[in-house]
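2 protein chains.
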Amino acid sequence: MRSTVEGAVIEQLKQVLDESRVLTKEEDRVSYSYDASFGVHIPEVVVQPLSTAEVQAIMKIASAYKIPVYPRGQGTSLSGGPLPVKGGIVLDFSQWDSRLDVYPDDMVAIVSPGVKTAAINEKANQFGLMYPPDPSSSNVSTIGGNLAENAGGPRGLKYGVTKDYVIGLEVVTAAGDVIRTGGRTVKNVTGYDLTKLIVGSEGTLGVITEAILRLIPKPPATATLMAVFDDIVDSGSSISRVLSSGIMPAKMEIMDQASVQAVEDYQPLGLPTDIEAIVLIELDGHPQAIKEEIERVQTICVEVGAREVKVARNAAEALELWKARKLVSPAIVRLKPTKISEDATVPRSKIPDMFKRLKEIRAKYQIDLVVFGHAGDGNLHPNIIADQRDQEEMRRVEQAVEEIFQAAIELGGTLSGEHGIGTMKAPFMELELGKVGLEMMKRMKQSWDPDNILNPGKIFPEEGQRFVLRSE
Amino acid sequence: MRSTVEGAVIEQLKQVLDESRVLTKEEDRVSYSYDASFGVHIPEVVVQPLSTAEVQAIMKIASAYKIPVYPRGQGTSLSGGPLPVKGGIVLDFSQWDSRLDVYPDDMVAIVSPGVKTAAINEKANQFGLMYPPDPSSSNVSTIGGNLAENAGGPRGLKYGVTKDYVIGLEVVTAAGDVIRTGGRTVKNVTGYDLTKLIVGSEGTLGVITEAILRLIPKPPATATLMAVFDDIVDSGSSISRVLSSGIMPAKMEIMDQASVQAVEDYQPLGLPTDIEAIVLIELDGHPQAIKEEIERVQTICVEVGAREVKVARNAAEALELWKARKLVSPAIVRLKPTKISEDATVPRSKIPDMFKRLKEIRAKYQIDLVVFGHAGDGNLHPNIIADQRDQEEMRRVEQAVEEIFQAAIELGGTLSGEHGIGTMKAPFMELELGKVGLEMMKRMKQSWDPDNILNPGKIFPEEGQRFVLRSE
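Chains as they are written, first to last, in this note's numbering: chain A, 781 to 1252; chain B, 781 to 1252.
None of these hints come from the bench; they were simulated from the model. This one's a predicted model, so the numbers in the text were calculated from it and none came from an experiment. Misleading hints may appear alongside valid ones.
[Unchecked claim] In the DSBU-like style, the derived pairs of lysine-lysine whose C-alpha atoms are separated by at most 30 Å in a straight line are:
1) A:1139 - A:903
2) A:1103 - A:1136
3) B:846 - A:1071
4) B:1139 - A:998
5) B:1090 - A:998
6) A:1225 - B:998
7) B:1106 - B:1116
8) B:1225 - A:1215
9) A:846 - A:1225
10) B:1222 - A:846
11) B:1090 - A:1222
12) B:1071 - B:903
13) A:1222 - B:1222
14) A:1215 - B:1103
15) B:1139 - B:1119
16) B:1119 - A:840
17) B:1116 - A:1071
18) B:1116 - A:846
19) B:840 - A:1215
20) A:840 - B:846
21) A:1116 - A:998
22) B:794 - B:903
23) B:1225 - A:1222
24) B:846 - A:1215
25) A:1225 - B:1090
26) B:1071 - A:840
27) B:1106 - A:1222
28) A:846 - B:1071
29) A:1222 - B:1139
30) A:1225 - B:846
31) A:1090 - B:1106
32) A:903 - A:866
33) B:1106 - A:1225
34) A:1225 - B:1222
35) B:998 - A:998
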């Protein structure tokens, strides 16, 4: 069902957008052929809309010719979200950042799809407010991409994910119509919640052209603690015990021995490498409250068997403690060139079991596997380091990733906590959702996009599709 | 399209459920003909399922015979959610409360649909946890009804509504299949978010048979304050100023002069009645934090022009301050027998404008209108008191309600903040959503329930349907 974008279509697109924003040269198109995941797919044309009316006009053309359309932000997707796998038109939203308005009295921000995520939080901060979702890519990624994939981040534990802050959307449908979902009020039960359905639907149901985001008061202070554990089970206990003591940290991050080792090899920070886990906890809130709470967290960590607990005495020391966590990604890509970053998520109580399963998988397939992530909400990031040129190794990696997914689902978890399904995980959808569950999702897709022109090839597996990381 | 439940169907239902749970006598059926809104519709049969398998079997029968099915909890709906307006089978879930399990390590509760909402919070409290949604009916209403309508409550400001705490569902489809949406992890981006789509869909997409709810640590302390304002605009300023100062109260409730007057006439508490508004604010969190914050809230209220500010010194005084708010509903139904409770919601900054519009509507139609509600999130409750037997008065009430909806939408708000659309507000859906928006919702409904057997007559307006409160 690969479509061909004919000359007539390009001409029509040039009548809708300024010619400078209709990219047809190969050197331009190649820049849109990849994201931060796997696979290379060159689109036939790239357009850069700057208004809702332009998106409508583009969709009407695409709809008339049944040409696939792929919305794209900055291409930081880890699951293949913006890849033009069936050819057609890439909608590049990275240039459309014209609107970033904060309305402090309503505690909302209204944003264009190309606005960078971090810019929203910075603007909110000027009014004593905060936009909580903090994907690690927030300085680079666009809000449009975050909305499409329902991006998470470390603050997810206390504050939730992107979806929890979206209260209204403007969306262009497959046919080129505009709908407005939700609105400017936090409470809204008028009909189906299309807002939360479209956020995280990976561009398969409509094209988001504007969003209304909820902001919250910015917490006045933070406190940071690092705890070192000889036994990974004890680190899990520290997390459960803190949460059941009435304390809700902003972040609870974990790093396994291999992560710590990689960091120490890359840039020695003096961390102990003969341990099983390091836990980093950040509290935020009222200064007096967190001063007292961080002491309680420290006591809990010692009680459950931490070898060592460090509390940052000031902002500089807090930064120093977070340095280890921030260095994991740069450290591991030094080991080998190819990084497969997963986000299998398990119920919080199953974290020790998941670590055990991951250890077995590492041994069984002889892969370089490091594990870190957001322990407070069970959202681990098993990262496999490999060399894509080594076909034999990549085959073992594929098998290992399959087993990671199976383990997560067997432990009552999910394929994806925050990266999305995209192309890569589509073959595993039925494993998690069952036949009927997947069928019900497909019905929604078909009812909204009967010609399957909105980001085809994503979320839903093709007939017989298998999980492949090798270029074939 | 009214269906008739034939004898054969009743016989089949009796083979699926114990006969004692298939109610066919008129005196039984009449009890299921109304809820807390308007209209009386007697179902042909009432069944009381106690398991998912029973619900599946019932749906297979209903599906085979194309008989409408209406899920029902305790019938506290204010929008007609469970009314069997097209005849058929009422699914009474009030008897199915067998499962209420709290898993403190995962901070989740798993519940059967007939469990009372307040019971969930009580059970969570035993583990130092909290289930935040607190609809005023929580001692009576079932979680199944709360899920269907996405119930709100005073704590919505800080904690959100029912939907924000649902992470997984078991749902029986129109055809009698079972699907599981979401799961036991807080983060989950595996495909479309069917969980949040089904919550609030008023039983029109599927029948919820189990839910996984997210719990949070219970805040250790609360603080309460009452501020009295001569000018309703100043009361709005107090709300905005508190929120932009970095303080997020658990509740911010407002009562207008007419509400205060009604309370004083009913049970004198010594409240001033020559004022325009009373604001009640509750903070929760760490004891030291809220002690300092409640002082700052007090200062802000005085600065923006409060005539008087009272801070409760202990729990007993806090209860005394909340008494006024709790007495509004019983007080107003003493004035006249019929209460029309609305939940039109506006952006927070538009609360003073909305109060102005409501004042004009009160004068124009000469109606008894009192206004109170959740000011922190713009979710007001304009309540009209009337006598249903007075047709002329009810006609004025109908016109007034229509104007209230129009005002809310014109101010950027919504028809319903927390009560749902049901039968009553269906005629106004297009006003808020537009033709295409409503059409896209209908497509979803049709793709999941092609025979329209799941709670027909709700949310979507019938051809030419008008808003009517009179019995015709």
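We went through each hint and held it up to the structure:
1. For the hint pairing residue 1139 of chain A with residue 903 of chain A, the CA-to-CA distance comes to about 43 Å; that exceeds 30 Å, so the pair is violated.
2. Proximity of residue 1103 of chain A to residue 1136 of chain A is assessed by CA-CA distance (about 26 Å); at most 30 Å being required, the pair is judged to hold.
3. A distance of roughly 62 Å separates the Cα atoms of residue 846 of chain B and residue 1071 of chain A; the hinted pair therefore is violated under the 30 Å criterion.
4. Proposed proximity of residue 1139 of chain B and residue 998 of chain A is contradicted: the alpha carbons are some 35 Å apart, above 30 Å.
5. Proposed proximity of residue 1090 of chain B and residue 998 of chain A is supported: the alpha carbons are some 27 Å apart, at most 30 Å.
6. The hinted pair formed by residue 1225 of chain A and residue 998 of chain B fails the criterion: a straight-line CA distance of about 40 Å is larger than 30 Å.
7. A hinted pair counts as satisfied when its Cα atoms are at most 30 Å apart, and residue 1106 of chain B with residue 1116 of chain B qualifies at roughly 18 Å.
8. For the hint linking residue 1225 of chain B to residue 1215 of chain A, the alpha-carbon distance of about 20 Å falls within 30 Å, and the restraint holds.
9. The suggested pairing of residue 846 of chain A with residue 1225 of chain A holds, with an alpha-carbon distance near 16 Å, which does not exceed 30 Å.
10. A threshold of 30 Å between alpha carbons decides the hint, and for residue 1222 of chain B with residue 846 of chain A the separation of about 23 Å falls inside it, so the pair holds.
11. As the CA atoms of residue 1090 of chain B and residue 1222 of chain A are separated by approximately 56 Å, the hinted pair breaks the 30 Å bound.
12. The hinted pair formed by residue 1071 of chain B and residue 903 of chain B meets the criterion: a straight-line CA distance of about 28 Å does not exceed 30 Å.
13. Taking the CA atoms of residue 1222 of chain A and residue 1222 of chain B, the gap is near 16 Å; set against the 30 Å cutoff, the hint holds.
14. Restraint check for residue 1215 of chain A and residue 1103 of chain B: the C-alpha separation of about 52 Å exceeds 30 Å, so the hint is violated.
15. Taking the CA atoms of residue 1139 of chain B and residue 1119 of chain B, the gap is near 18 Å; set against the 30 Å cutoff, the hint holds.
16. Between residue 1119 of chain B and residue 840 of chain A the CA atoms are separated by roughly 49 Å; this puts the pair beyond 30 Å, and the hint is violated.
17. For the hint linking residue 1116 of chain B to residue 1071 of chain A, the alpha-carbon distance of about 54 Å lies beyond 30 Å, and the restraint is violated.
18. Proximity of residue 1116 of chain B to residue 846 of chain A is assessed by CA-CA distance (about 61 Å); at most 30 Å being required, the pair is judged violated.
19. A distance of roughly 18 Å separates the Cα atoms of residue 840 of chain B and residue 1215 of chain A; the hinted pair therefore holds under the 30 Å criterion.
20. The hinted pair formed by residue 840 of chain A and residue 846 of chain B fails the criterion: a straight-line CA distance of about 38 Å is larger than 30 Å.
21. Between the alpha carbons of residue 1116 of chain A and residue 998 of chain A the distance comes to roughly 40 Å, so the proposed pair goes past 30 Å and is violated.
22. For a cut-off of 30 Å, the pair hint linking residue 794 of chain B to residue 903 of chain B is broken: about 35 Å separates their Cα positions.
23. Of the supplied pair hints, the one linking residue 1225 of chain B and residue 1222 of chain A holds, its CA atoms being roughly 13 Å apart against a limit of 30 Å.
24. Among the hinted pairs, residue 846 of chain B with residue 1215 of chain A is consistent with the structure: their alpha-carbon atoms are about 24 Å apart, no more than 30 Å.
25. Proposed proximity of residue 1225 of chain A and residue 1090 of chain B is contradicted: the alpha carbons are some 55 Å apart, above 30 Å.
26. A distance of roughly 58 Å separates the Cα atoms of residue 1071 of chain B and residue 840 of chain A; the hinted pair therefore is violated under the 30 Å criterion.
27. At roughly 47 Å between alpha-carbon atoms, residue 1106 of chain B and residue 1222 of chain A are farther apart than 30 Å, so this suggested pair is violated.
28. For the hint pairing residue 846 of chain A with residue 1071 of chain B, the CA-to-CA distance comes to about 62 Å; that exceeds 30 Å, so the pair is violated.
29. Pair hint residue 1222 of chain A plus residue 1139 of chain B does not hold up; C-alpha atoms about 49 Å apart against a cutoff of 30 Å.
30. A distance of roughly 25 Å separates the Cα atoms of residue 1225 of chain A and residue 846 of chain B; the hinted pair therefore holds under the 30 Å criterion.
31. Restraint check for residue 1090 of chain A and residue 1106 of chain B: the C-alpha separation of about 48 Å exceeds 30 Å, so the hint is violated.
32. In summary, the hint linking residue 903 of chain A to residue 866 of chain A is not supported, as the alpha carbons are separated by about 38 Å, beyond the 30 Å threshold.
33. Of the supplied pair hints, the one linking residue 1106 of chain B and residue 1225 of chain A is violated, its CA atoms being roughly 46 Å apart against a limit of 30 Å.
34. Simply put, residue 1225 of chain A and residue 1222 of chain B have alpha-carbon atoms about 13 Å apart, close enough for the 30 Å limit, and the pair holds.
35. Between residue 998 of chain B and residue 998 of chain A, the direct Cα distance comes to roughly 21 Å. Compliance with the 30 Å bound is thereby established for this hinted pair.
Hint violations for this structure: numbers 1, 3, 4, 6, 11, 14, 16, 17, 18, 20, 21, 22, 25, 26, 27, 28, 29, 31, 32 and 33, all remaining hints satisfied.
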